[in-house]
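Novice: Listed here are the chains, written in short residue letters.
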Amino acid sequence: MLSELKVMFTRRRTWAMLAAIAMIPILLATAVYLSADQIAPGEGPPFLDRVTQNGLFTGFTAMLLAMPLFLPLTMAVVSGDTIAGEAGLGTLRYLLIAPVGRARLLVVKYLGTLTFALVGTFVLMIAGAISGAILFPVGPVTLLSGDVIQIPEAFGRMALVALYTTVSMMGMLALGLFISTLTTIPVGAMTGVLVASGVSQILDNLPQLAWLHEWLFTHYWLDFADILRQPVELGSLGSNLILQLGYVAVFGALAYGRLASKDILS
Amino acid sequence: MTTYGQLAIETVGLEKAFGDQKAVAGITLRVPAGSVFGFLGPNGSGKTTTIRMLLGLAEATKGEINLLGYSIPKQLADVLPKVGALVEGPAFYPYMSGRNNLIRMDSADRNSNSRTREQRVDAALERVGLSNAAKKKVHAYSLGMKQRLGLANALLKPRELLILDEPTNGLDPQGTREVRNLIRSLASEGITIFLSSHLLSEIEQLCSHVAVMRAGEIVAQGSMNELRSNGQTRLILEVDQVAEAKAILKAAGISKTKIIGRKLICSVDSEMDVAKLNQELVAKKISVSEIRLEHPSLEEYFVDLTGEGFEVVR
Chain A
5 MLSELKVMFT
15 RRRTWAMLAA
25 IAMIPILLAT
35 AVYLSADQIA
45 PGEGPPFLDR
55 VTQNGLFTGF
65 TAMLLAMPLF
75 LPLTMAVVSG
85 DTIAGEAGLG
95 TLRYLLIAPV
105 GRARLLVVKY
115 LGTLTFALVG
125 TFVLMIAGAI
135 SGAILFPVGP
145 VTLLSGDVIQ
155 IPEAFGRMAL
165 VALYTTVSMM
175 GMLALGLFIS
185 TLTTIPVGAM
195 TGVLVASGVS
205 QILDNLPQLA
215 WLHEWLFTHY
225 WLDFADILRQ
235 PVELGSLGSN
245 LILQLGYVAV
255 FGALAYGRLA
265 SKDILS
Chain B
491 MTTYGQLAIE
501 TVGLEKAFGD
511 QKAVAGITLR
521 VPAGSVFGFL
531 GPNGSGKTTT
541 IRMLLGLAEA
551 TKGEINLLGY
561 SIPKQLADVL
571 PKVGALVEGP
581 AFYPYMSGRN
591 NLIRMDSADR
601 NSNSRTREQR
611 VDAALERVGL
621 SNAAKKKVHA
631 YSLGMKQRLG
641 LANALLKPRE
651 LLILDEPTNG
661 LDPQGTREVR
671 NLIRSLASEG
681 ITIFLSSHLL
691 SEIEQLCSHV
701 AVMRAGEIVA
711 QGSMNELRSN
721 GQTRLILEVD
731 QVAEAKAILK
741 AAGISKTKII
751 GRKLICSVDS
761 EMDVAKLNQE
771 LVAKKISVSE
781 IRLEHPSLEE
791 YFVDLTGEGF
801 EVVR
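Which chain is which? The protein sequence lines are A and B, in order. All residue numbers in the first sequence are consecutive under our numbering, ending with 270. All residue numbers in the second sequence are consecutive under our numbering, ending with 804.
Keep in mind the hints are simulated off the structure, nothing from the lab. All figures in this text were calculated on a predicted structure; none of them were measured in a lab. Using N, Cα and C, we set each Cβ at its ideal position, and we do this for glycine too. Among the clues, some could well be false.
[What the hints assert, rightly or not] Mimicking BS3-like on lysine-lysine, the simulated pairs with C-alpha atoms at most 27 angstroms apart in a straight line are: (1) A:Lys266 to B:Lys572; (2) B:Lys647 to B:Lys626; (3) B:Lys748 to B:Lys766; (4) A:Lys10 to B:Lys627; (5) B:Lys552 to A:Lys266; (6) A:Lys266 to B:Lys564; (7) B:Lys774 to B:Lys753; (8) B:Lys512 to B:Lys552; (9) B:Lys626 to A:Lys10; (10) A:Lys10 to B:Lys647.
[Stated by the list, open to error] Facing chain A, a subset of chain B residues (Cβ under 7 angstroms, in silico): (11) Val577; (12) Tyr585; (13) Met595; (14) Ser597.
[As the list claims (entries may be wrong)] Computed list of chain A residues with no C-beta within reach of chain B, every gap over 10 angstroms: (15) Leu22; (16) Val142; (17) Ser240; (18) Leu241.
If we strip away everything but chain A, and leave its shape as in the complex, we get (with noise of 0.2 angstroms):
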């Protein structure tokens, strides 16, 4: 496991997306800075107006917008990686022979995958809390239930909130783990992963598919803003986190199923 995680942080482009993220805040934070007369109460993306009175906001709204697009698409090239590309390398045959057990391989690659979406979301918590902090004032945090908390409890709900993304993640990681098992090409392994995660959002959207959208991966992908009310709201959470082990079980029971009975030919 350690080796797993050495190997994903010792590649620049690992780096490269966590200082993409990174940077989703810091613009956001500058863009509003600059314009910060402009932007009328409730216009632009939810919590934007909020961002000028309070800091600590940043984190949040940049985490909304991050989410359709940005995030899973990091997610997805981490986790289209995890076999296809020790496939592609040809490392894949060499850690069989080391040995390592093809179901040992897949629960590392798992759990390497799911330790980037942590660190991803911290990253980006963190460096909107900070680009916030030196931008604007920086006060207690009133919530969207009207709730107002002091900063320490603040930097709590940041937490839960990169906490709830990651287990958002959980499913869509695992989709790419099986995506993953299935070719040796890593950005055919990507794009699968990233189109899966497109469309099941835009199903989402359609009311005539009410029926399918509370089994979609990503339904449940932007209400982490239940944790900005008080008392949190564990419905939805509570679901998500079914919803996600749920995808977890099949996608890991189907890429194992790929796996074991691969012949490695590349």
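Since the structure of chain A is already known, use the hints to place chain B on it.
Specialist: Chain B alone, transformed into the frame defined by chain A:
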């Protein structure tokens, strides 16, 4: 003697089909323990597919595999730590140093000792002469260095069997020599070496045994000496008095003689006493300017077997 008896690798009726095409068509390999076993065949004859099955990377369509006494694929996890391998060229993470690549590969095996890891990695690097380049990233390595790093990877643990697929591919003559010397020294430690190659000269220089593969089948197998004896030894004689020499040869029981100018070429027994013949010739005042035995060329024999050049893709 080893726990697995005489054979380090044994396959029975091993077959691999991709759709209709049989890449490996029911081969029976018998690799004696302690041998340097050459696995010779043209590119595309099924050598690498066989190796993938031996290592459990690909599943056999039919047949049995026994590796160091372990049944494959059932006991793969037990036997793999005793087997070092180079399969279809080396493969590494280009953005990591050679040393870190080896550490990564060694940590992949849950049972490998992490306390001796660094020491084993350094020893393996030393053994293949890469100590100075250990900290360089692999993308800066030449093909030869990657090949040697691949060998180091196969040597991370004490092994009983090394399966080396084209280990000198892409090496310059100097590198080729070094790798061959390394293989010899490993063999002298008693490690069984299974060496695939499309280069006959390589097999001839290194191996005690050989199997020749053609279009998915094994067309010859045995010790080098056995296979050599399949060819015909020739006596080559160059003298001034051709007719007299021919008469002496005939008296010695050598009848079929081809004469080209001052040269006589004839088929003889591989054990014939050349020195004695020379004495006879000299005693008869025949001046001999050349006399030697030419052992059959394995190359001719193998080309006969495989029916084509060794670089030809099927």
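Novice: Each hint: holds or not?
Specialist: Verification of the supplied hints:
no.: 1; hint: A:Lys266 to B:Lys572; verdict: 23 angstroms, holds
no.: 2; hint: B:Lys647 to B:Lys626; verdict: 23 angstroms, holds
no.: 3; hint: B:Lys748 to B:Lys766; verdict: 21 angstroms, holds
no.: 4; hint: A:Lys10 to B:Lys627; verdict: 15 angstroms, holds
no.: 5; hint: B:Lys552 to A:Lys266; verdict: 16 angstroms, holds
no.: 6; hint: A:Lys266 to B:Lys564; verdict: 15 angstroms, holds
no.: 7; hint: B:Lys774 to B:Lys753; verdict: 18 angstroms, holds
no.: 8; hint: B:Lys512 to B:Lys552; verdict: 11 angstroms, holds
no.: 9; hint: B:Lys626 to A:Lys10; verdict: 17 angstroms, holds
no.: 10; hint: A:Lys10 to B:Lys647; verdict: 22 angstroms, holds
no.: 11; hint: Val577; verdict: 6 angstroms, holds
no.: 12; hint: Tyr585; verdict: 6 angstroms, holds
no.: 13; hint: Met595; verdict: 6 angstroms, holds
no.: 14; hint: Ser597; verdict: 4 angstroms, holds
no.: 15; hint: Leu22; verdict: 16 angstroms, holds
no.: 16; hint: Val142; verdict: 39 angstroms, holds
no.: 17; hint: Ser240; verdict: 39 angstroms, holds
no.: 18; hint: Leu241; verdict: 35 angstroms, holds
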